[in-house]
Amino acid sequence: MKMTGAKILIEALKKEGVEVIFGYPGGSVLPIFDVLYDSDIKFILTRHEQGAAHAADGYARATGKVGVCVATSGPGATNLVTGLATANMDSVPIVAITGQVKTFLIGNDAFQEADVTGITRPISKHNYLVKDVNDLATVIKNSFHIASTGRPGVVVVDLPVDVQIHEADFHSPEKVDIRGYKPTCKGHIGQIKRAKKLIAQSQKPVLYVGGGVIISGASDKLFEFVKKTEIPVTTTLLGLGAFPGTHKLSLGMLGMHGTAYANHAIQESDLIIAVGARFDDRVTGKIDEFAPNAKIIHIDIDPCAISKNVKVDVPIVGDANSVLQEFVKDIKKPNISKWLKQVEEWKKKYPLIYKKDSRLRPQYVIEEIYRITKGEAIITTEVGQNQMWAAQFYKYDKPRQLISSGGLGTMGYGFPAAIGAQIGCPKKVVFDIAGDGSIQMNIQELATAVLNKIPVKIAILNNGYLGMVRQWQELFYKKRYSYTKLEPCPDFVKVAEAYGAVGIRITKKADVTKAIKDALKINKPVFMDFHVEPEENVFPMVPAGQAINKMIGALA
Amino acid sequence: MKKTIAVLVENHFGVLSHVSGLFSARGFNIDSLAVGETEDPTVSRMTIVVDGDEKTLEQVKKQLNRLIDVIKVIDLTEEDFIDRELVLIKVGVNSKNRSEILQISDTFQAKIVDVKTDSAAIELTGDQNKIKSFIEILKPFGITEIVRTGRIAMGRK
Ligand SMILES: Cc1ncc(C[n+]2csc(CCOP(=O)(O)OP(=O)(O)O)c2C)c(N)n1
Ligand SMILES: [Mg+2]
Numbered sequence: 172m173k174m175t176g177a178k179i180l181i182e183a184l185k186k187e188g189v190e191v192i193f194g195y196p197g198g199s200v201l202p203i204f205d206v207l208y209d210s211d212i213k214f215i216l217t218r219h220e221q222g223a224a225h226a227a228d229g230y231a232r233a234t235g236k237v238g239v240c241v242a243t244s245g246p247g248a249t250n251l252v253t254g255l256a257t258a259n260m261d262s263v264p265i266v267a268i269t270g271q272v273k274t275f276l277i278g279n280d281a282f283q284e285a286d287v288t289g290i291t292r293p294i295s296k297h298n299y300l301v302k303d304v305n306d307l308a309t310v311i312k313n314s315f316h317i318a319s320t321g322r323p324g325v326v327v328v329d330l331p332v333d334v335q336i337h338e339a340d341f342h343s344p345e346k347v348d349i350r351g352y353k354p355t356c357k358g359h360i361g362q363i364k365r366a367k368k369l370i371a372q373s374q375k376p377v378l379y380v381g382g383g384v385i386i387s388g389a390s391d392k393l394f395e396f397v398k399k400t401e402i403p404v405t406t407t408l409l410g411l412g413a414f415p416g417t418h419k420l421s422l423g424m425l426g427m428h429g430t431a432y433a434n435h436a437i438q439e440s441d442l443i444i445a446v447g448a449r450f451d452d453r454v455t456g457k458i459d460e461f462a463p464n465a466k467i468i469h470i471d472i473d474p475c476a477i478s479k480n481v482k483v484d485v486p487i488v489g490d491a492n493s494v495l496q497e498f499v500k501d502i503k504k505p506n507i508s509k510w511l512k513q514v515e516e517w518k519k520k521y522p523l524i525y526k527k528d529s530r531l532r533p534q535y536v537i538e539e540i541y542r543i544t545k546g547e548a549i550i551t552t553e554v555g556q557n558q559m560w561a562a563q564f565y566k567y568d569k570p571r572q573l574i575s576s577g578g579l580g581t582m583g584y585g586f587p588a589a590i591g592a593q594i595g596c597p598k599k600v601v602f603d604i605a606g607d608g609s610i611q612m613n614i615q616e617l618a619t620a621v622l623n624k625i626p627v628k629i630a631i632l633n634n635g636y637l638g639m640v641r642q643w644q645e646l647f648y649k650k651r652y653s654y655t656k657l658e659p660c661p662d663f664v665k666v667a668e669a670y671g672a673v674g675i676r677i678t679k680k681a682d683v684t685k686a687i688k689d690a691l692k693i694n695k696p697v698f699m700d701f702h703v704e705p706e707e708n709v710f711p712m713v714p715a716g717q718a719i720n721k722m723i724g725a726l727a
Numbered sequence: 009m010k011k012t013i014a015v016l017v018e019n020h021f022g023v024l025s026h027v028s029g030l031f032s033a034r035g036f037n038i039d040s041l042a043v044g045e046t047e048d049p050t051v052s053r054m055t056i057v058v059d060g061d062e063k064t065l066e067q068v069k070k071q072l073n074r075l076i077d078v079i080k081v082i083d084l085t086e087e088d089f090i091d092r093e094l095v096l097i098k099v100g101v102n103s104k105n106r107s108e109i110l111q112i113s114d115t116f117q118a119k120i121v122d123v124k125t126d127s128a129a130i131e132l133t134g135d136q137n138k139i140k141s142f143i144e145i146l147k148p149f150g151i152t153e154i155v156r157t158g159r160i161a162m163g164r165k
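Protein chains in written order, with my numbering: chain P, 172 to 727; chain H, 9 to 165.
Honestly, the hints are just simulated from the structure, not real lab data. No residue lacks a Cβ here, since even glycine has one placed at the ideal position from N, Cα and C. Honestly, I wouldn't trust all of these hints.
To be verified - Okay, the calculated bits of chain P under chain H, using three or more residues with CB under 8 Å as the criterion:
(1) 282-294
(2) 373-387
(3) 641-651
To be verified - DSS-like, lysine-lysine: derived pairs with alpha carbons at most 25 Å apart:
(4) P:Lys500 - P:Lys520
(5) P:Lys482 - H:Lys69
(6) H:Lys11 - P:Lys482
(7) H:Lys10 - P:Lys482
(8) P:Lys357 - P:Lys500
(9) P:Lys367 - P:Lys500
(10) P:Lys526 - P:Lys649
(11) P:Lys479 - H:Lys11
(12) P:Lys503 - P:Lys466
(13) P:Lys236 - P:Lys367
(14) H:Lys70 - H:Lys80
(15) P:Lys357 - H:Lys104
(16) P:Lys357 - H:Lys80
(17) P:Lys178 - P:Lys346
(18) H:Lys69 - P:Lys479
(19) H:Lys63 - P:Lys353
(20) P:Lys178 - P:Lys353
(21) P:Lys479 - H:Lys98
(22) H:Lys124 - P:Lys479
(23) H:Lys80 - P:Lys312
(24) H:Lys63 - P:Lys479
(25) H:Lys70 - P:Lys479
(26) H:Lys70 - P:Lys353
(27) P:Lys186 - P:Lys173
(28) P:Lys457 - H:Lys63
(29) P:Lys346 - H:Lys69
(30) P:Lys312 - P:Lys398
(31) P:Lys357 - H:Lys70
(32) P:Lys353 - H:Lys10
(33) H:Lys165 - P:Lys482
(34) P:Lys367 - P:Lys213
(35) P:Lys598 - P:Lys688
(36) P:Lys466 - H:Lys63
(37) P:Lys545 - P:Lys688
(38) P:Lys566 - P:Lys482
(39) P:Lys353 - H:Lys80
(40) H:Lys140 - P:Lys482
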């Protein structure tokens with residue numbers, strides 16, 4: 172039976188198990204929207220295409236499924252770009268469908284034309300421009316395969332409006348066969364043996380764990396490995412939750428705003444076992460002085476990530492879960508009791524601290540959210556100080572609990588991502604830890620949350636500043652606060668109310684607990700406007716370009 | 009260091025921009041790039057000559073492998089290979105130097121493909137050394153234009 176391209180698209184998406192699409196309509200996707208009108212796929216109309224991309228991303232990170240978003244040609248597609256770049260940097264599986272002008276107009280500067288495959292090439296894992304409706308079903312099948320396997324990422328399918336109307340038989344291939352794409356899953360046995368030998372001989376080993384462990388579902392294997400070896404674990408921002416944050420062998424996050432004990436442990440170690448992490452510059456600090464005495468074992472599915480920034484002694488290309496499975500088999504426990512004592516001492520000596528006085532401090536707000544949600548909420552974050560405090564003061568015991576833009580650091584990410592996460596996990600409590608700057612970048616999604624009855628809670632740590640930038644200006648630019656003061660504007664309570672959501676303003680420390688409890692009782696989106704200390708800083712901090720044990724503000 | 013890399017890719021539109029974009033995004037200058045269909049019409053072969061340090065080139069090879077449309081990457085620098093390039097060179101000629109130019113071309117087995125009263129177009133095929141020396145020798149006669157196809161290369165194995 173012949174079907175239109177638009178119908179084929181939706182049928183192909185259904186075959187991939189797609190339950191929800193985030194998007195925004197326009198002239199070049201009218202045929203698709205016409206099919207969506209009576210399809211049983213849930214469609215969430217956001218108020219900006221960037222919101223749709225971030226929501227699809229939040230949905231994907233919370234559930235492990237592929238997120239799907241749709242936008243029209245030209246400005247619709249370019250509005251998606253920040254969201255797609257954000258997802259791709261953090262290896263989040265997304266299939267983005269963009270409308271395109273009619274095939275014969277492509278290249279003519281037609282109305283609402285943009286070279287979408289050209290624009291998205293450097294920010295996606297792959298992209299397609301579909302010129303023949305007969306290719307569409309296979310392209311969709313391949314797109315989901317590419318987005319979700321290997322190192323996951325974004326696939327863009329650019330679909331000219333005439334191809335959406337043309338008809339073809341719907342044949343979706345049973346198996347994917349892309350000859351240029353065969354990701355390696357199993358690690359090299361010889362390398363794994365060498366790694367295990369190094370581990371058995373090590374005296375000061377540390378596990379350095381990234382988002383790859385969460386993506387590959389390797390948390391249980393990691394836990395087993397740590398149980399057997401007692402090697403302490405530090406994680407990247409995206410790795411938080413891969414190993415229980417409350418475990419005695421957890422060192423929390425490392426790097427620029429990591430814990431002092433994690434950074435000391437890394438610097439003093441004689442063996443770093445990196446799993447699904449990529450030695451980002453926010454983690455390594457000054458690269459020449461990074462962990463000078465350590466041998467490095469690096470497990471990653473992406474060969475490009477290995478030996479890119481640091482020299483690796485034992486590279487293992489493979490899926491973290493599959494490699495760790497080999498690791499736990501008859502692993503010898505290294506003799507590290509002295510090292511563990513040292514690590515324990517650092518933990519005692521350099522705890523994460525902030526001033527515990529009567530003022531309303533942002534760290535306290537997060538500690539209270541942690542306590543009241545019993546550490547079980549899904550936390551999304553915006554970017555800036557709010558993000559770092561959310562990483563430091565909420566303890567993540569489970570994978571997929573923290574959802575944050577790590578690689579790109581996109582302000583405006585957290586709120587739409589929270590909407591996507593809540594749709595993917597309707598039974599969970601979802602909090603967006605926000606800044607007063609970031610939240611304004613996608614504040615329009617309040618309409619999406621209200622109208623779709625998505626009860627996300629937004630905790631705005633309102634410091635009246637672009638706080639993280641202000642912090643750098645304070646420390647490195649002689650307190651010259653150049654264009655980082657936001658003033659108390661807008662009135663977030665009124666904004667929430669204008670959209671039909673609930674707004675609560677909290678100006679006193681004593682009111683924090685009750686406000687959070689009240690917000691949780693409301694089955695609606697809630698904006699919580701916490702007026703926190705304006706000039707609070709995130710500590711410890713490794714100044715840019717320094718070795719990671721050269722921290723400021725680490726001591727009590 | 010110069011490297012000659014052969015890349016087998018899917019023969020469809022957009023692939024070239026994926027490959028070349030990868031180089032430009034890393035600030036890599038491509039010395040030459042030649043593309044053509046292979047014995048299998050669904051596969052194209054690119055021969056790319058790039059300059060860069062070992063570490064970056066290693067990264068580029070990995071990145072190329074990561075592209076979905078790339079089927080295979082062969083680093084020819086690591087093996088024994090045959091390479092050829094074709095150049096067209098226009099030189100100024102006059103009655104005095106004509107015979108000398110003819111003689112040099114003859115020695116290099118180059119062909120004179122077009123002659124005007126004051127210029128000649130010469131075609132030469134060869135490996136990099138041959139082409140380099142030929143151009144050097146012709147320089148004093150006044151080269152007005154050079155067109156090169158870029159290197160193509162094939163492993164001996
Ligand atoms: C889209 C975007 N623009 C600019 C930046 C640079 N930037 C990083 S943090 C920050 C300040 C964020 O302010 P706010 O949301 O209020 O968070 P705070 O640091 O005050 O907690 C800025 C401007 C960014 N990360 N993303
Ligand atoms: Mg702020």
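To test your reading of the hints: which numbers does this structure violate? 2, 3, 4, 13, 15, 20, 21, 22, 29, 30, 32, 33, 34, 38, 40
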